[in-house]
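**Q** Those protein sequences? They're chains F and U, same order as listed.
Numbering of the first sequence is given in the working numbering, commencing with residue 2 and proceeding in unit increments.
Numbering of the second sequence is given in the working numbering, commencing with residue 495 and proceeding in unit increments.
Please keep in mind that the hints were generated in silico from the structure rather than gathered at the bench.
C-beta atoms are modelled at their ideal positions from N, C-alpha and C, and glycine is treated no differently.
One should not assume that every hint holds.
To be verified - Listed next, the stretches of chain F that the computed footprint assigns to chain U, with coverage defined by at least 3 CB atoms under 8 Å from CB atoms of chain U:
{"hint": "1", "segment": "50–63"}
{"hint": "2", "segment": "116–125"}
{"hint": "3", "segment": "158–168"}
{"hint": "4", "segment": "179–188"}
As the list claims (entries may be wrong) - Residues from chain F that face chain U, not an exhaustive set, calculated with beta carbons under 7 Å:
{"hint": "5", "residue": "R78"}
{"hint": "6", "residue": "L80"}
{"hint": "7", "residue": "A171"}
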Amino acid sequence: MATSSQRFDRSTNHFINRIGLTVVYVGELLRHRAYTRFLHWAYGIFFFLALLSGFGIYMPWIFRWFTPLFGGGAMTRMLHPWFGLGFVFFFGLQAFNWAAAMKWGQGDTRWMKRLRDYVTNRDTIEPPDVGFFNGGQKLMFWEIVGGSIAYVITGVIMWFPEIFGRIAVAISYVIHDISALIMLAGIFIHIYLSTIGEPGTMQAMTRGTVSEAWAWTHHPAWYKQVTGRDPAEALAEARRTQARSSGDQSNQ
Amino acid sequence: MSDRKTLQVQRISGHPGPVAGAGMQREEQVCKLIDTTTCIGCKACEVACVEWNDMPFQPTMFDNTYQTMPDTHWNYWNLIKFNEVTNEDGTFQWLMRKHQCMHCADPGCLAACPADGAIVQYRNGIVDFQEENCIGCQFCVSGCPFNVPKFSPTTKKVYKCTLCSDRVGQGLEPACIKACPTGCLHFGTKSDMLMLAEKRVKQLQTVSGFKEAGTYDPQTIGGTSVVYVLHDASNPEKYGGLPKNPRIPLSFTIWKNWFKPIGLIASMMAFAGVILHYVTEGPRRPQPQPPVKEVDGGEGKKEN
């Protein structure tokens, strides 16, 4: 019988996912392949370039110290659209890469309803229906998809104002700003949760793997899908092992 | 007179903090008065503008009118617009209007500009572009209700009429005023020019039979430092792109002044929020966590 893990592998065994190498050690699971990781850091770099150059123009009386980073105001203005296009290009590839995994389901609606419990760390591990991405991650993903479309449309209008006219520019300017403000708020939450907020997450985007414990804690349904084991049972067993070994230590 | 006195800065685009100085002069506001009723369309002002500002002569563009070209250009700041208008009562008017920067009291270009010091407004009312600070974003084009600033694709900067700030700073009248042969152009303090305009309007109404004659000094942008006398002030649009109630888009006023800072603070709340979360709720670690070591006097552990 083909295990669920093999089925998972087959579904993601596109040629692009065979690029690069991801070493999975015992006790770890493959989370993001090299192609996914490359895209993430590519649009991550462009995001910050666009963010800094954009905010130098957004509110120069506070952020004028950003523009010298790019060679002055005129240079910043010249580069910003290209940074933005770089972000949209690589994020666009990631959007196709992740579109299936980001499909919204019933479980995600339930996840959003218990957002308060998530924020207050009420549950020891996530509910059993949380898959490869949770509702919050999917919401953020689709926000960036929508925001990127808004960026491109409004950005092109502001880039070539002589074609679109002054009123179109004035409207685009506001939409562009709102999109930037939403993403600015989002990036704080994204960085927090992937580093100190949920330890063990960062390595998913660096080495590409996560520990099994991380998987059953944050994405139990995904854990079940790739290992075939019940996450609650796996946790219980890990607890017993831990209790035994700590008991051993106290006997010494 | 020196330009230290006549060109004191009133406002600067994208600039933190206030700007210096006030109350140095008795009559600060300068003004150009254009009496469209005595313009003969000779284009001497166009030539004077090009000559004084040392700009290359442009190839003219014939568009079935006497107009030099369809619109002003980044190095052609002053253009007489020739408008052939058939009125509702069947009468015909050939209206000539000298088109250039209006030097608004509330300049839309300055409100829209995100570059520190690229646009300044002097206390005497002149709105001037400082091209060395211009970043070439063209937001000023969007902010201007009169379609005045023009972008140069070569230099990636925006240019427009300076009201000859270099001449006015030295106590001279603008070049176009000096060239006008009919006395259609006047230059002086704003109050003097408004008085002169009023006198001419009364004359047009009583003697010449232009019942709708009036002064164009639109208050929706706080008035302008270029004032027109029109035969028909009830319909300035027929003078070729002279809006009756010129307005700055709200995105460069309300959005930029109020919602931008508020939006930024709202976004930064996410930063405050994650810090607060780390401090109050703490991180969520993979389960099971390693057992917590009991330390004397230490606080209790939280299970998650």
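**Q** If a hint holds in the structure, say so; if it doesn't, say that too.
**A** Going down the list of hints, with the structure as the test:
A count of 6 residues in the segment 50–63 of chain F with a Cβ less than 8 Å from any Cβ of chain U is obtained; the coverage claim is therefore met, three being the minimum. Closer than 8 Å: that is the beta-carbon criterion, and the segment 116–125 of chain F has 6 residues meeting it against chain U, so the requirement of 3 holds. With 5 residues bearing a CB less than 8 Å from a CB of chain U, the segment 158–168 of chain F meets the requirement of three and the coverage assertion stands. For the segment 179–188 of chain F, the stated coverage by chain U holds: 6 residues have a C-beta nearer than 8 Å to a C-beta of that chain, and at least 3 were required.
Of the supplied interface hints, the one on R78 (chain F) holds, with its beta-carbon coming within about 4 Å of a beta-carbon of chain U, less than 7 Å. Violation of the interface hint for L80 (chain F) is found here, the shortest Cβ-Cβ separation to chain U being roughly 11 Å, above the 7 Å cut-off. This hint holds: A171 (chain F) has a C-beta 3 Å from the nearest C-beta of chain U, less than the 7 Å allowed.
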